Amino acid sequence: MNPHNHGYGALSIFLSALPFAIVILTYRILAVISGKRYKPFPPHRYLCWMLGIWCIALSVTGPLASRAHTDFADHMIIHLLLGMLAPLLLMLAAPMTLLFRTLSLKQARGLSRLLKSSPFRLLHNPFTASTLHIGGLWLLYTTDIYSWMHRSTIGHTGVHVHIFLAGYLFTASMVSIDPAPHRTSFLYRSLVLLIALSAHGILSKYLYAHPPSGVPAAQAELGSMIMYYGGDIVDIVLICILFSKWFHAARPRKALNPVTEK
Amino acid sequence: MAVTQIHSEEAGYQRRNLWSGFLFGVGVVAFIDETLFHQLLHWHHFYDQSTTDMGLVSDGLFHAFSWFATIGGLFILADLRRRNAWSVKRWLGGILLGGGLFQLYDGTVQHKLMRLHQIRYVENIIVYDIVWNTLAIGMMVTGLVLINRSGKKLKEAEGTFREPS
Numbered sequence: 001m002n003p004h005n006h007g008y009g010a011l012s013i014f015l016s017a018l019p020f021a022i023v024i025l026t027y028r029i030l031a032v033i034s035g036k037r038y039k040p041f042p043p044h045r046y047l048c049w050m051l052g053i054w055c056i057a058l059s060v061t062g063p064l065a066s067r068a069h070t071d072f073a074d075h076m077i078i079h080l081l082l083g084m085l086a087p088l089l090l091m092l093a094a095p096m097t098l099l100f101r102t103l104s105l106k107q108a109r110g111l112s113r114l115l116k117s118s119p120f121r122l123l124h125n126p127f128t129a130s131t132l133h134i135g136g137l138w139l140l141y142t143t144d145i146y147s148w149m150h151r152s153t154i155g156h157t158g159v160h161v162h163i164f165l166a167g168y169l170f171t172a173s174m175v176s177i178d179p180a181p182h183r184t185s186f187l188y189r190s191l192v193l194l195i196a197l198s199a200h201g202i203l204s205k206y207l208y209a210h211p212p213s214g215v216p217a218a219q220a221e222l223g224s225m226i227m228y229y230g231g232d233i234v235d236i237v238l239i240c241i242l243f244s245k246w247f248h249a250a251r252p253r254k255a256l257n258p259v260t261e262k
Numbered sequence: 001m002a003v004t005q006i007h008s009e010e011a012g013y014q015r016r017n018l019w020s021g022f023l024f025g026v027g028v029v030a031f032i033d034e035t036l037f038h039q040l041l042h043w044h045h046f047y048d049q050s051t052t053d054m055g056l057v058s059d060g061l062f063h064a065f066s067w068f069a070t071i072g073g074l075f076i077l078a079d080l081r082r083r084n085a086w087s088v089k090r091w092l093g094g095i096l097l098g099g100g101l102f103q104l105y106d107g108t109v110q111h112k113l114m115r116l117h118q119i120r121y122v123e124n125i126i127v128y129d130i131v132w133n134t135l136a137i138g139m140m141v142t143g144l145v146l147i148n149r150s151g152k153k154l155k156e157a158e159g160t161f162r163e164p165s
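Taken in sequence, the protein lines are chains A and B.
Reading the first sequence from the start, the letters are residues 1 to 262 in my numbering.
Reading the second sequence from the start, the letters are residues 1 to 165 in my numbering.
Think of the hints as simulated: they come from the structure by calculation, not from any bench.
All values reported here derive from a predicted model rather than from experimental measurement.
Take these hints with a grain of salt, some might be off.
Stretches of chain B that chain A covers, calculated by requiring three or more beta carbons in the stretch to come under 8 Å of a beta carbon on chain A [stated by the list, open to error]:
1) 57-63
2) 69-81
Cβ pair distances, simulated, as ranges [to be verified]:
3) A/Asp144 x B/Val145: 56 to 62 Å
4) A/His69 x B/Arg83: 34 to 40 Å
5) B/Arg83 x A/Thr153: 54 to 60 Å
6) B/Arg15 x A/Arg109: 44 to 50 Å
7) B/Arg82 x A/Ala180: 22 to 28 Å
8) A/Thr97 x B/Ile130: 30 to 36 Å
9) A/Arg121 x B/Arg82: 31 to 37 Å
10) A/Leu191 x B/Arg149: 31 to 37 Å
Backbone N, C-alpha and C define an ideal beta-carbon position, used for all residues, glycine too.
Please work from the sequences and hints to get the whole structure.
Here you go:
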């Protein structure tokens, strides 16, 4: 992990990359196995999975991750990769669909019972997911949690796991390729997403003027601008997927009007 | 029965044309404001200090809404196109009305009442204010005229439609 440790360089790079390689390979193996019984799993989903895992790898190991300990702007890039981009890419890879294809009927039924249970229903509600995701960020940056996480290994790991999991839950509750057992209405999801994206924008502007404890003003300004504009890009993709789902669901089912002179 | 059904459907499409344009207009003007004035000309900024907390919250909500409005407006347009129900005139009218209304709101409430930021930090700001708000009212009036005209066309079309029955 230590970049100055040249003697163990190659080995430590290999060891830190290994878990991510295993996760990517597992996805590939499941796709091949289930592809024998069903139609082949689409290659673009596989690509999304690789890119998503790559985003996670970049944020927890390597030079960017070590710089993020001391630099708020680098920390913000990681926040975007881990909390927004990786969840979006992994969601597009439809991992649950792949899992359901691979499992036996009995196992798949068990999994689907678990996903339909009330704790999952509560977590999967857009309101809960948004509160965990955006509310968590407000807590992290406006309280002492931010300086605490840099002093404690448990804090550091915990915060990163939370950012990723809450980000994935948030993305999946708004738009999902995977089957969703308790999908809420399009209007409800739009409204909650609108408020959640606003809260993200407001927080990033707030940080511009009120840096978290221990962060110099120049770093806070750069970091908050990365958060604001980077967030915008991911938001646009989310909104486009949300509306394209509506576009598909609202397609006309009867004969069209003839073209009239306008 | 069949005729009334067609009529209500047609009226629904007319409303949707207006909404699609309105949303897209609000989104586009907000986008031009941010890109041109905030980021390229640097006339006013990402965060102008001395704002109230309400100003920050309303800006955040508005920014998210403008993305929704731009993208949503275009998806509604795509839906109208596949139903052969796109009225270009009414849609353009909606854009001008929505864009003008937002610009007027920005120029009066946000700039003057809440004092979020000014168009530009110069001495004769009144000149900028007049140009900004006159342009806004001009857009709204043009938009309303276009919407009114497309409405008349619709009534005429309905008249010819009724004759055979």
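Just tell me: holds or violated, for the beta carbon distance of A/Asp144 and B/Val145 against 56 to 62 Å? holds (59 Å)
Lying within 31 to 37 Å: is that true of the beta-carbon distance A/Leu191 to B/Arg149? For A/Leu191 and B/Arg149 the Cβ distance comes to about 34 Å; the hint holds.
Cβ separation of A/Thr97 and B/Ile130, checked against the hinted range 30 to 36 Å: violated (58 Å)
Taking 22 to 28 Å as the stated bounds, is the beta-carbon spacing between B/Arg82 and A/Ala180 within them? holds (26 Å)
Does the segment 57-63 of chain B contain three or more residues whose Cβ lies closer than 8 Å to a Cβ of chain A? holds (count 5)
Cβ-Cβ distance between B/Arg15 and A/Arg109: within 44 to 50 Å? holds (46 Å)
Note whether the CB distance of B/Arg83 and A/Thr153 lies within 54 to 60 Å or breaks it. holds (58 Å)
Check of the segment 69-81 of chain B against chain A for coverage (Cβ-Cβ below 8 Å, three residues minimum): Per the Cβ count (5), the hint holds.
Is it true that the C-beta distance of A/Arg121 to B/Arg82 lies inside 31 to 37 Å, as the hint says? Taking Cβ atoms as reference, A/Arg121 and B/Arg82 lie about 35 Å apart, which means the hint holds.
Between the beta carbons of A/His69 and B/Arg83, is the distance compatible with 34 to 40 Å? violated (55 Å)
In this structure, the earlier hints numbered 4, 8 are contradicted, and the remaining ones agree with it.
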